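Visitor: Sequence:
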Amino acid sequence: MNGKAISPSISEWPGDAREAAQLVVDQYGEPDEVSASQVVWHKPGPWKRIVATREVHDHNFPAPHLDSVESVIDYRFPADKARDAYLFDGSVVIDRTRGEVSARCHDEQANFLALNLMHDIATGAKTMRQARDYYAKEFLDYRRKKPTPYMEKLRFTPPRGGTADPDERALTDEALQRAVDEGKRGG
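Start counting the sequence shown at 1; every next residue gets the next number (full-length UniProt numbering).
Treat the hints with care, as some may be off.
[Unchecked claim] The calculated lysine-lysine pairs, modelled on DSS-like cross-linking and capped at a C-alpha distance of 25 angstroms, are: (1) K43 / K137; (2) K137 / K4; (3) K153 / K81; (4) K184 / K146; (5) K81 / K4; (6) K137 / K153.
The hints are simulated quantities; they were obtained by calculation from the structure and are not laboratory data. Note that this is a predicted model, so its numbers are computed, not measured.
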């Protein structure tokens with residue numbers, strides 16, 4: 001692994017997960033949090049956090065590989081585009097309540113690619129199909145040693161906070177109290 005020592009925080013992990021997490025260690029140093037199942041970096045580079053997990057997940061888009069490194073940004077994703085993001089790439093996750101979007105892949109470059117294309121979908125610059133086609137093209141270009149601008153960095157500046165959406169209240173305090181009172185009386 002690039003001639004560098006394996007991080008002690010992941011040294012006992014299975015090979016695929018260890019390799020992916022070590023790439024993050026090589027880029028950003030030792031993690032801020034360590035548990036038996038994951039390691040976490042807070043605010044490394046352009047990210048809100050990076051989470052590398054001991055468990056890997058099979059992912060076939062655009063070609064079979066294993067996902068285990070999640071890069072998270074603050075982002076308020078437009079609700080009317082959520083279906084397109086869902087269909088674009090199953091490793092892109094929208095957390096509306098927290099106001100976050102993340103991508104989970106093998107490395108940071110693939111997460112840059114996925115989140116840049118997620119942003120293109122959110123802003124209407126690309127359709128879901130165009131984003132999938134571009135992802136596949138850039139994936140191949142990377143292997144061809146051709147330019148891959150979407151894999152180099154985030155091509156937009158994510159906000160730092162202010163993206164959470166706690167939703168709208170559907171129940172009044174009075175309705176909740178009545179339910180509690182009914183429950184005490186047995187219905």
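Visitor: All hints, please: hold or fail.
Guide: Going through the hints against the structure:
1. Of the supplied pair hints, the one linking K43 and K137 is violated, its CA atoms being roughly 30 angstroms apart against a limit of 25 angstroms.
2. At roughly 32 angstroms between alpha-carbon atoms, K137 and K4 are farther apart than 25 angstroms, so this suggested pair is violated.
3. For the hint linking K153 to K81, the alpha-carbon distance of about 23 angstroms falls within 25 angstroms, and the restraint holds.
4. This hinted pair does not check out: K184 and K146 have alpha carbons roughly 68 angstroms apart, beyond 25 angstroms.
5. Restraint check for K81 and K4: the C-alpha separation of about 42 angstroms exceeds 25 angstroms, so the hint is violated.
6. Taken as a hint, the K137 and K153 pair is honoured in the structure, with Cα atoms around 17 angstroms apart against an allowance of 25 angstroms.
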